[in-house]
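Each chain is listed here by its residues.
There are 2 protein chains.
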Amino acid sequence: MVTTRPVSLGDLDLICRHREEMFRASNAPGRSDEVLSAMTRSFRVWIEPRLRDGSYFGYIAEEDGAVVAGIGLMIIDWPPHPSHPNEDKRGYVLNVFVEPSRRKRGLATMLMRLGEAEITRRGVSFAILHATRMGRPLYEQTGWTQTVEMSKQLK
Amino acid sequence: MVTTRPVSLGDLDLICRHREEMFRASNAPGRSDEVLSAMTRSFRVWIEPRLRDGSYFGYIAEEDGAVVAGIGLMIIDWPPHPSHPNEDKRGYVLNVFVEPSRRKRGLATMLMRLGEAEITRRGVSFAILHATRMGRPLYEQTGWTQTVEMSKQLK
Numbered sequence: 001m002v003t004t005r006p007v008s009l010g011d012l013d014l015i016c017r018h019r020e021e022m023f024r025a026s027n028a029p030g031r032s033d034e035v036l037s038a039m040t041r042s043f044r045v046w047i048e049p050r051l052r053d054g055s056y057f058g059y060i061a062e063e064d065g066a067v068v069a070g071i072g073l074m075i076i077d078w079p080p081h082p083s084h085p086n087e088d089k090r091g092y093v094l095n096v097f098v099e100p101s102r103r104k105r106g107l108a109t110m111l112m113r114l115g116e117a118e119i120t121r122r123g124v125s126f127a128i129l130h131a132t133r134m135g136r137p138l139y140e141q142t143g144w145t146q147t148v149e150m151s152k153q154l155k
Numbered sequence: 001m002v003t004t005r006p007v008s009l010g011d012l013d014l015i016c017r018h019r020e021e022m023f024r025a026s027n028a029p030g031r032s033d034e035v036l037s038a039m040t041r042s043f044r045v046w047i048e049p050r051l052r053d054g055s056y057f058g059y060i061a062e063e064d065g066a067v068v069a070g071i072g073l074m075i076i077d078w079p080p081h082p083s084h085p086n087e088d089k090r091g092y093v094l095n096v097f098v099e100p101s102r103r104k105r106g107l108a109t110m111l112m113r114l115g116e117a118e119i120t121r122r123g124v125s126f127a128i129l130h131a132t133r134m135g136r137p138l139y140e141q142t143g144w145t146q147t148v149e150m151s152k153q154l155k
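Keeping their order, the protein sequence lines are chains A and B.
Using my numbering, the letters of the first sequence map in sequence onto residues 1 to 155.
Using my numbering, the letters of the second sequence map in sequence onto residues 1 to 155.
Treat the hints with care, as some may be off.
If several chains are the same, the list does not tell them apart, and a pair holds so long as it fits within one copy or across any two.
[To be verified] Below, simulated BS3-like cross-link-like pairs (lysine-lysine); rule was C-alpha separation at most 25 Å, straight line:
# : residue 1 : residue 2
1 : Lys89     : Lys155
2 : Lys155    : Lys104
3 : Lys89     : Lys152
4 : Lys89     : Lys104
5 : Lys104    : Lys152
If you are wondering where the hints come from, they were derived from the structure by calculation, not from laboratory data.
The shape of chain A in the complex, shown without the other chains (with noise of 0.2 Å):
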C-alpha cells in the first residue's frame, strides 16, 4: 500500500539524493559526478532554509515504510503574462522521482496530481516545469507542453 504524507526539513537529504538521481538518469550532456556532485552541495544550502520556511514544499510517496517517490513545489514570483494577466506568481514543479524499481507504476502521476491540486489551492492557475527525457511521455499525456524557454551559457 502507497502512502503520501508532505516532505519536512527531516527529508533533507532524500530531497538533495532524488535531485542528483533525477539528473544523472536524464543523461544529458555535461552532467558528469563532479558537476552533479557541486549541484547538490549547492543545492543542499539552498533548500535547507526553504524546507524551514514552508516556500519549498511537496509530497513522498512511501510503501511499506520505505521511501519510493517525491516532488518538490514552490509557488515562484512571475511578471504577469498572457497565460496568467491577472497573477503575479507561477507554480514550478521540480525533483520528480520515482526509485527505478517502483517505476510505470503511475507513482509519478498520482504526485503529479497532488501537486497540482496544492498549487491550485494556493490560488495560482499556471504552472511550469522542467522535463527530463524520461518524465517527459508522462507529463505530456497529463496536459503539459513545451514552451519557448531558451537558455544561454554567458560565461
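Fit chain B to the given chain A structure using the hints.
Below, chain B alone, put in the same frame as chain A:
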C-alpha cells in the same frame, strides 16, 4: 545615431507598452486585446516597485531623441542546477522590443549584448528568456538554445 541608457522609473508606461506590443506581435493563441489589457494592468502594478528598487533593470535605445527599442533584465532566484552548479541565480531577459520601423538593423542584437554583459557583470553565468516567434532566429544566432521547459494551465 543610436544611443542607449539604463531604464528608469520614468519608463514605466513605455515598458508596459513594449511588453504589450511584443506579445501582440507574437500572434500566439490566447492573446486577445482583452487578455493583453488585463495583463498590462497587472504588469504595471507588478513592475513599478521593481523599477524603483532596481530588481527590474535594462536598457532603452534612442535615435534622434525618440525611443526605438528596449530590453528588460532581472536576476532571479533559482535552485542550483547542473547548468549552474555553484550559483543559485539565473539571468532573465524579457520585454525585448524594437519599433516596427526600426527592425532588421541590429538593435535587438545590440541590446542583447548589453544585457548579457550586465548579467555577467552581476556574477551570474546562466540566463533564460522566452522567445516569441519573431525573436527566436535572432537568439539562435547568438548562442541561445531551446530548453525542456513545459507548462500547464491548471484551471
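Index of numbered hints that the structure contradicts, given in increasing order: 2 and 4
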